[in-house]
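Asks: Heads up, the sequence shown is in my numbering, so the first residue is 6 and it goes up one at a time.
These are computed hints drawn from the structure, not numbers from a lab. C-beta: ideal position from N, C-alpha, C; glycine also. Among the clues, some could well be false.
Once the Cα atoms are required to be at most 20 Å apart in a straight line, the calculated EDC-like pairs of lysine to aspartate or glutamate come out as [stated by the list, open to error]: (1) Lys248 x Asp192; (2) Lys87 x Glu215; (3) Lys208 x Glu163.
For each label pair, taking beta carbons as the anchor points, the in silico distance ranges come out as [said to hold, decoys possible]: (4) Lys129 x Val228: 40 to 48 Å; (5) Arg124 x Glu76: 13 to 21 Å; (6) Ala218 x Ser239: 15 to 23 Å; (7) Gly84 x Gln175: 25 to 33 Å.
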Amino acid sequence: GINTAIVGQANVGIGFAIPINLAKNIMEQLISKGKVTRGWLGVYVQSLDEDMAKAMGLGRVSGALVQRVVEDGPAEKAGLEKDDIILKINNTEIAGSEQLTNLVAGMATGASIDMLVWRNQKEKKLTVKLGERPAEGETETAVAAEDHAQQLGITVQELTDQLAQRLGAQNVSGVVVSRVTPNSPADRKGIERGDIITSVNNKPVKSVREYQAAVKGLREDDVVLLRIFRNDNSYLRALRVPKKK
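Work the whole structure out from these sequences, hints included.
Replies: What follows is the structure in structure tokens.
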């Protein structure tokens, strides 16, 4: 791959690389068009672990789980839904979210792709016409609005029927904590992966969209009150948005 960025100090950093095929595609576009356009599916995805694959009734740990579908995007127009698992693009098996992102980015805007997805424990075929990936500037406002919420250190996903059964929460509504950032406010207050957030500031949340709307307006030093369901018990946790250093 080719390095695209290095983040760090004192020559100790994290490198980010793109596959050589994608790099060649970018170079060819720059030469022929003077700009780069990348294929865009319009989804937020995550890779699966063994527990998630089992909970979704999938017999192998592969594919990319759709966490959110962008409104009016290519995926939504083609009928892709949240909680679908993307197994194949054309004839390429998808191992995880990173592979899917790179594969789609290397495809032409307007290309039609065949997609095999896992939905309700059955395979389903869809055809998607890729759009053009939005420019960074077009998403800058949305990213800034979510910045303080992200500093809480919580990543959430939808509470599917399969997850609810596995977590013993069949009669609970909320969103599942899929990741907690180490040393974040959530981590320090004891929030764990697999916890279910049922309300934000005493307002019930029943979907990822409702959760995102509830935390969207947070600012530095704000305190947010989360009600957490875990092991048949309900807890309150107050998290403070950290100040920027």
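Asks: Can you list which hints this structure breaks, lowest number first?
Replies: none
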